[in-house]
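Take each chain as given, in its own frame, and dock them per the hints.
One letter stands for each residue in the lines below.
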Amino acid sequence: MSLSTLAKECIANQSKYTSLNAFISLADRASILSRVAKVPPSRNHGPDRLSGQLIAVKDNICTSDLPTTAGSGILKNFTSPYDATVVKQLRDAGAVIAGKTNLDEFGMGSHSVHSFFGPVKNTNARGEELSAGGSSGGSAVAVATGQCTAALGTDTGGSVRLPAAYTGVVGFKPSYGLVSRWGVIAYANSLDTVGVLAKSVAQMRRVFDALNFHDPQDPTSLLPSTRRRLGRPVTQRPLRIGIPLDYNISSLDPTVRKTWMHALKALQQKGHTLHTVNLPATRHALSAYYILAPAEASSNLAKYDGVRYGSRAEGPDGTPDSVLFAKTRGRGFGDEVQRRILLGAFSLSAQAMDNYFIQAQKIRRLVQRDFDGVFSARNPLLTSASSEAEGHREGAGVDVLVCPTAPTPAPELAKVKNQDPVDAYMNDVFTVPASLAGLPAVSVPVKMRETQGSGAGIGMQVIGQFGDDGLVLDVGEELMGEG
Amino acid sequence: MLNQLSRTGHATFARRPYICQECLRRLQSRHIRSIASPAPAWIRPLSTASDDRTPPKEDAPFRKALKDAAKKKRLENRGKAQSSDNPSGSSEFKSEKWELTVGIEIHAELNTARKLFSSAATSVNDTPNTHVALFDAAFPGSQPHFQRETLIPALRAALALNCEIQHRSSFDRKHYFYQDQPAGYQITQYYEPFARDGHITLYPHDFPGGVSPEGGPVTIGIKQVQMEQDTAKTIQQPPSTHLLDFNRVSHPLIEIITLPQIHNPVVAAACVRKIQAILKAVDAVTAGMEMGGLRADVNVSVRRRDSADSSQQSHSYHGVTGLGQRTEIKNLPSIKAVEDAIIAERDRQIDLLERGGIVDGETRGFTQGSKTTRRLRGKEGEIDYRYMPDPDIAPVVVGKDLVQHLKSSMPLLSDDVIEMLVDPKRYGLTAKDAGTLVVLDDGDRLDYYLEVVEILRRIFSEDFAALSRVGKMAGNWVLMELGALFKTTQWSADRVSPSELASLIAHVLRKQITGRTAKLLLAQKFDGDARPVDQIIVDEDLLLRPLSRDEYLAMAQQLLEEKSDVVRDIVEKGKHQKVKWFVGQMMARGAEGTVEPGTAEEVLRLLLQLPPMEEQRQQMKK
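From first to last, the protein sequence lines are chains G and X. Be aware that the first sequence starts at 0, since it is given in numbering that gives the first Met the number 0, and climbs by one per residue. Be aware that the second sequence starts at 0, since it is given in numbering that gives the first Met the number 0, and climbs by one per residue.
List of simulated lysine-lysine pairs, DSS-like, C-alpha gap at most 25 Å:
{"no.": "1", "chain 1": "G", "residue 1": "LYS198", "chain 2": "G", "residue 2": "LYS7"}
{"no.": "2", "chain 1": "X", "residue 1": "LYS173", "chain 2": "G", "residue 2": "LYS361"}
{"no.": "3", "chain 1": "X", "residue 1": "LYS173", "chain 2": "G", "residue 2": "LYS326"}
Which stretches of chain G does chain X cover? Using the computed rule of at least three CB atoms under 8 Å from a CB of chain X, they are:
{"no.": "4", "stretch": "69-77"}
{"no.": "5", "stretch": "182-189"}
{"no.": "6", "stretch": "216-226"}
{"no.": "7", "stretch": "335-348"}
Hints listed in this document are in silico derivations from the structure and should not be mistaken for laboratory results. Cβ atoms here follow ideal geometry from the backbone N, Cα and C, with glycine treated the same way.
This is chain X alone, in the form it adopts within the complex (with noise of 0.2 Å):
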């Protein structure tokens, strides 16, 4: 396709954009033809080495089948057992006398301007291939442009990461044919990665439920962090035909390298998770996993807790030593991803030990969804990349001034975020609610709730009592109610805007609307109600009205008439202290709200002809 291009308009390449029309008409005719066909395109989002195509979801037919996926085994879930880490029932027992070992490769598309090695503009959905070098295309006698300005969301990642950041990095040229990858190389800091010698902390917050598997928190070391090209983007065709859309060569990505020090699914998980809101927060990378963003591969191996010395575990990643042999899972696409690969991957070795096998070096593929990984090629199959010091590029040498100066423009980390949110004196959330806040939906929904906070704190600016409250107020409604209408549909924060949320929280602050209410009105907003919260509450007449004192004489009649065991035991047997319990049960009969405790008492002493209660504390003084 593109060949015939180079024949033809080759003589306008330099000024126009390179576009094949042939390739955009088929394009266009494909969108036409996947919305009329169920059957998904499938567009390879971040590539994490040479093959092992994992479907991934760029369009959104594809993310909504995975969605649909994923609802589906959690229904199928739902009868049985708890914990999906149990295929066999055994794996406590097994996890005893086994000890798993992971390692971590991230992939991150860095947010940049322009691309690693050439000046065209980055680009996420544009036409495909209008942004070409002539470089990005390996066009012969084309030579690489390094894009300094690449470097800065790439060393505030390392920075965030705690590495050392190196004087000089060199770039090196990783050999393997394949069409995404126009120049049979990926350029990639292989010899001298730009940082090193890092480390990520999880703290219990970082873990579902705000507990550690681990008991405290985790440390896990970073080995080094390199910059990379990006590939191509394969749009595949059924039966045969691929199309590839260049814009996405050259791409700047980082790969961030963990050592071999997670011993537990769910860290592994956590830490990916954590790696993905850090590099979100200090603006380094374009999107998060869901969208393609960020990719993960995982190293995994296994070791017998009570024999130290068997020819199984002498082999060493990164300078570990006395590990199993590891199997290596590739571009798995979500956290969830992580954790079932890891978990499906340390069970087939332990089965395979057990049972006398032995673990092959091989790489392997893990489909979102399914119980077991599988393999994609053998250690014969294994790839030499033939690594080779790329001898166009310059090595990078990067100043004390320049580092030290991102370090002290660095943004809010999540850890400091968290430490916020917990702090009762500003937001006063749990560590629970904190840590969902900041993982959530990219980090738009602690935005969100950021914002909801400030209205919230200038309507209630004069009243201390309320403010107080405001911040684990609003918490409840982004996290608990927003969230629940939420569960199956993408965050939006257009849905309810912050401002008619904090009005509705407002309202319900100061006792105007019942919380009920107050729920009914957000779920109405939530599906599409156009008018002000304030506006609504008018129309529908849903401000809260005091009761009368008949109404309340009324109710605690009827209370006491129903009850009249306890009537008894209060009167004949002087348990007092038993009016509290009418009190509440006054409080649960009116509407949310309407019965105030203080009222209801007074009443019900009225009614039962107790003293007063000044008079009978005075009483009990005396």
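Isolated chain G, as found in the complex (with noise of 0.2 Å):
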């Protein structure tokens, strides 16, 4: 198929699934469909180039050329000055970019129903309204939906990999610090990873491998010295597969059960082995990730006080009745968002800084160290010495682990929306730990003969060593390889 086959096939089911609401904004389509035109015919089979390509990215960050909202309404009229690092990317690769997608808002949020614009919908065979997951949401959607060929996320607790268990797509979290963060809006920044979400894994890697770049605008992003020392080549097969105990919970719905033990038993006839392993810490993550992202999250969101950008509330502000920019502020966040700016900020009081923040960044720590004690790959970011000190044995461990991206098959939008805040934090148990060891993990949609029914799959997820971003990805696409 052609590429201009192929935009204006996007282009159609973007008004197809405009109900679906998983763009905030889109790219005008003359001028799509005119750049897709002038590539040349020669880079249109390239295989890792993105020339004329449809990608979608989250509305949290930013382009020059259309607004960046996340889905906020003090960011409603907003378009930012410049390009993100990945944006610039993306064009620099040739791709077009297709549009803006819906999000929770500033990514805050399990099923993108917290959205200034309203939430996004997850449509199954039946035509069942249920939750797209979040907080990548419109992202997902677009590319279950065919609205683009890939889509560019942002993953802080899971927020790639939920959307993509959702919808049935591929989504990928890498290693943090591998991708730029420059131009992308900060929920929790020591956490914040832009994802990629596409149909395929092959297709996935295309878009990432026009990423994966040292920049130096984004502070956090891995020196080129430190890059040449991630990821092993992987030579050594039968692979080791861990299946992490913690993770089969009590709650783990039987569907998403059966589907875990079938990926496992399809990996172990093609010949890899199946090893059983403890993450203690796991269970005390979640706590963790929901003090110190929402910590993170009341930093970063003070600066919208809509003196400088953004919207202001009417009439004024800063008198007596509203202490500065409390009207504004109120007015422009939504319940989630004032939800977890309160609670950060709580925790990061004075007399809760102790029994909270300092806690959770200590459970963070015994995550990743959960995480270096089972693989069999030291952690290319501590030094020997003290990975013999956190208790890593040479050899001993596994190369990935695989368990479920979520503990359910996507919920009805209906039942989500009135659901409570804890509930719905919930289901980002299985995704947490990896976010905050900062390690790379993708879900694949899974199916089962038995369950195929359902349509998209079940979301399994594979999570690697720091720096074993394409071990992961190959594991995933054997996953995936299994019908």
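Written as structure tokens, this is what we have:
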């Protein structure tokens, strides 16, 4: 199929699926098509180029030609004066930005319902409205429904992997620091990671390869010298696959558990070996995440005061009745964002700091240590002395972990809309640990013969040691090869 | 205002400086109006914390207003008791009973080319909002880029304050909302400052009059020095408009925190003055206090000397225990204000406690020229800054080699300079004059003095007798004579250039003009006479002409006739030593420097029919 035909198909799907509310703003169609038409034919089939490909960008990633709202009322009219590095990289690789996708406001949510622009919808084969997962639900639905060939999302505690699992696409969160965050609106800087959503691992890899570079603009971007130490050549086959027993929780949906077993067996049949492992800190990971992420969020979102950009509440602010920007911030932020700002402000307050923030930081370290303890590869960010101290045993560990992405398949949209916030947070229980440790993780849809009726498949997650992004994608590809 | 720009001008943002044209126009019209109207525009120079906006002085009209206020106060005080430290008359008694404890926090703008977290240039008076990077304006998605060079002046400052440079330090966010704080937090060093455990010693020469109120040297501990960002500049346009200039956002600052080891307002003032001089000497800061480059907060508490275990004295600050409840006075814009505010707050706390009251831990403000502090906010209004390590900024690691290099290349510190100035073999100034020179006009006066001496040394390179006097002589002229002329106006080295003053002093040293003539000449130059000193002397025939013998005789004759009683003492009672008194009288009567004592005595002896001096001496030997 030619690039133009592909592009036209995407544009047709954008019209067809408007009701799913996947996009907040769409690029001008005529200019998309004229750009695609200008791509020289010889470039059409290059394996690692993105020429003429329509790629959607989550609306918390800055673009200078389309508004960047982060799904928030406070930025509803905001256009960034600059392109994020990842957007520039996509453009440089020849991609065409299809539009900006809907999300939970500032990335805070697990179902993409907390958007100033309305919830994202995900439908199954029977036409039921399901949760698209969050917060990159718009990007996931856009990919699932063919409105673009791939999409950028951001993953702070599972925001790429969870929507990928719920919509049946591939969602990849690379190792922290591989992909630039310059121009990505911060939710929780120490966890935020730009991720990619696509229908196949191969397609996703093409996008990732265009982004996987050092960026001097991002102070947390890994230096070329560090990058050279990452990712061992994976020649040793069969692989040792780890099964984290701590993920086999009682509330695990039976379908999900069955798919997990199926996926493991499939890997075993390919010759890989299975090994149970324990990650005891995992049970505290979710609590730690919901201390740390809101704490950073309360800090990062302090800049939205309506003074330099963004919207302001009508009438005077900063009067005795409304302290400084109270009115603007009260009107501009949605409920979930306000909830997390308050939560974060509390855990950073002098009286709570030691009991919450500091404790959560310690748990974060324990989670990382758990992972380092089970992987056969050393954590390349630690010196060899400190990895000895962390109890790492060379050679005895596993190469990757395989576990479900979420405890259940996509829930009904109507149910999650009235869900208790803490119940919604529970969806992140399997994705948060890898985020806390900064590890690469991919969610791929796995379909079983007996569950094929549900359509999208069940999201299975492959987690690897820091820098083993390539290996994680390889295993994801093998899992998907199973039908 | 700015959000309009974000919609209209965004595409060129990265390449063009960020100027809101509307703000610019309004600012320009404000300047025009402020000339026409006497109402001063208030510009806050350097923030030390969230609010407490003390009116400061970056524009000339306001500085003039402050000066006028200070002048008025001086006049008021002239009629009153000598010490402003004594409002109730019982202060001495009170300080026997109560001990004052003060800690100081000084914020100083570092002398760097770029901002702390962006490559935008630092600037002082440039067009508003022309040096603003995306991160400075807290644009969504922008990230901090730590500018390593900003460490250099910070490290120099910390080394000059005898601090231990920390191998590893890190940056934290200090949260509070204000329109001059675009990110909603200030990046500072709360958990891991870059320098700790320093000290500063105040010698007698560091105090006014060269006398330490504690008798000898006073050493004050420096708890830590930290780096942080400055805020934007707010330009208020009453009644309700605030214009924001983001040029100053993220200008690097250092905050110097002393231990609460100061027990005297004069010591506190001397401490701030000396820190200012040190920072200037090592070229760490942009400007002194009077230019808004430095500001101080003080923590003040009092405790009874006689009871150590009162519940009121159980407070501990920076590891110093047994102190009274302290209050904080923020944003003091001058050294005088530091001293006055401490006195006012000490007296307020003592009065309160003696009346059975309790000191609240609160933040207070002080206005230059006022006699009382005022409450800004109480404990209930105290801000919880919610310090959080900045996840985007890696820890700073400073190598030993860098510290060593900076140590070895440090310029002379004021203590070294003073030592050099008082050395009789080099400059021979008094400790008091040396101390004054070092602190005056941010060190500009010292530079001026050194240049005058340098020129004089060249002039008298062959004349060893004169050479030994030039240091002291130049000191008198630069501090006393020129100092008197600059009493009511801002110092400028251009009013009388160093070479002109040196030429004037050279004429005096060679006895070519009288001291009185020289003073008049100096005033003439100061008032703008463009002719060189040499020229004026020729034009106005000021060169000293030696007296003729007849003139000596006439002068002596007249004197002897007037004081016949003294003549009688000499001639009849043989009190020959009184001849010297007549010599003195003649010298005083003649134009300054014209009467040579030797010739005068010779003439006097002749008229009194006394033996000449040589003979007399020989007679006495016999």
